[in-house]
Amino acid sequence: MSDRQEIYAKVVELIAPFNKKGATITEATRFAQDLEWDSLTVLDFVANIEDEFDVIITMNMQAEIETVGQLVDALERLKASR
Amino acid sequence: MTDLFSKFDPLIEQREQLLQSGLTDPFNLVMEKVESPTVAICNGKRTILLGTYNYMGMTFDPDVVAAGKKALDEFGSGTTGSRVLNGTYVGHRAVEQTLRDFYAMDHAMVFSTGYQANLGIISTIAGKGDYIILDIDSHASIYDGCKMGDAEVVAFRHNDVEALEKRLKRLAPEAGKLVVLEGVYSMLGDVAPLTEMVSVSKANGAMVLVDEAHSMGFIGDHGRGVAEAQGVIDDVDFIIGTFSKSVGTVGGFCVSNHPKFEILRLVCRPYVFTASLPPSVVATAAASIRKLMDSADKRVHLWENSKRLHAGLKQLGFRLGTEEPQSAIIAVIMPDLETGAAMWEALLQEGLYVNLARPPATPAGMTLLRCSLCAEHSTDQVGEILGMFAAAGRATGCIS
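Respectively, the protein sequence lines represent chains A and B.
The first sequence begins at 1 in the numbering used here and counts up by one.
The second sequence begins at 83 in the numbering used here and counts up by one.
Zero decoy hints are in this set.
No farther apart than 30 Å at their CA atoms in a straight line, the calculated lysine-lysine pairs in the BS3-like style are these: (1) B:251 / A:10; (2) B:248 / B:284; (3) B:89 / A:20.
Taking CB as the label site, the calculated pair distances span: (4) B:339 / A:36: 45 to 51 Å; (5) A:26 / B:166: 51 to 57 Å; (6) A:21 / B:462: 47 to 53 Å; (7) B:97 / A:18: 26 to 32 Å; (8) B:303 / A:32: 46 to 52 Å; (9) B:89 / A:13: 31 to 37 Å; (10) B:98 / A:13: 39 to 45 Å; (11) A:64 / B:116: 46 to 52 Å; (12) B:342 / A:36: 44 to 50 Å.
Partial list, computed: chain A residues near chain B (C-beta under 10 Å): (13) 54; (14) 56; (15) 57; (16) 58; (17) 59; (18) 60; (19) 61.
Derived from the structure by calculation, the hints contain no laboratory data.
Think of the CB as a built atom: it goes at the ideal place given N, C-alpha and C, for glycine as much as any other residue.
Input sequences plus hints: build the corresponding full structure.
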């Protein structure tokens with residue numbers, strides 16, 4: 001698996017416990033509209049992502065991230081900049 | 083034309099549904115007469131107040147009221163000006179001196195509300211390229227202060243020391259960092275592990291701000307708050323507080339020992355671009371804070387009230403926000419908004435006012451009946467309150 005595929009697989013795995021509707025996850029899945037996450041769910045999920053990848057995703061960055069694909073992009077950038 | 087109000091439609095609908103079921107609007111109660119810190123007349127009915135944050139019961143203290151009347155007579159009804167223009171009277175200086183004495187700190191800056199104190203201090207001291215690290219359950223005024231400033235904002239799980247430490251360690255050592263904590267979290271009434279959190283923050287080069295809105299006057303030997311009670315107040319860089327809870331009027335403040343603190347009076351926009359507090363308000367605040375310095379007996383009685391209500395509600399079978407009472411706030415967890423609203427109304431009919439709290443103000447989507455005790459609640463009143471909870475709880479099916 002490429003780096004990106006690995007990150008994507010891990011992100012999908014971390015979405016699962018919060019995917020109450022059982023929605024199918026793709027790169028285009030939107031956190032707010034498709035998964036219907038409220039702000040508190042987002043915060044819990046982000047905490048798990050941060051711990052898993054040992055990065056910080058500031059709330060300012062979160063505001064720019066709408067889809068699963070955008071999150072994977074951001075994680076790729078954060079990993080590269082370390 | 084797009085109606086800018088269409089974004090509120092879901093809330094309007096939810097509200098209408100709730101009111102159609104015949105419930106009283108929990109967010110529209112009017113106090114027709116207020117008899118004391120613990121009793122008011124609502125809908126013509128004598129009502130015990132258990133949701134006012136009036137922890138120390140100072141609102142009707144004769145010395146406090148007299149100080150306000152005197153200032154009203156001598157200085158008029160308002161200042162009509164900013165603190166940096168025509169809005170600083172001797173009373174504003176005096177209340178700041180009182181705060182320095184109360185906290186034994188070098189600097190005190192008074193804002194027109196507690197909300198503005200957080201808004202102003204946080205947005206001003208954490209700038210572009212700096213980081214604010216805050217607890218997920220922080221008050222709206224803290225989040226709004228972050229939104230108003232240009233710093234990067236990092237949230238960590240509520241009261242989780244390890245989560246805070248991990249995030250601090252991931253940030254560049256040279257980056258400016260402000261850790262924002264609260265002494266007592268107002269939704270569940272739980273206390274922060276400040277000893278560990280302040281030490282972890284300092285070890286990682288962060289400045290620390292603690293909002294002690296819900297602990298002032300009550301927690302700590304001198305009533306300085308949770309940071310005092312846990313022995314870390316000397317390591318806290320900024321304490322935010324309010325006059326609208328234990329002090330019994332309105333206003334907010336920040337106290338600090340930072341040597342450059344006074345510059346904030348020129349650069350902090352929510353301080354500069356608003357009218358200062360009326361002279362009567364700062365006079366009542368100063369009188370009240372002076373009395374809070376010597377209120378050890380009241381603190382003891384308030385703790386007794388809190389413990390008794392907590393134990394009594396638990397015994398009745400209610401689910402509470404904390405296992406043990408940690409502050410003067412006892413949160414009763416409701417299964418859902420409908421039951422919460424029904425229970426709120428049943429309590430009001432019994433003659434008891436509590437706060438109905440619901441998302442997004444509450445953590446984890448909870449609906450809460452939030453009770454805040456007062457040092458002026460008598461032991462008998464606490465017994466009466468428990469009786470009302472028992473009756474309302476059974477009537478609404480919350481308890482068996």
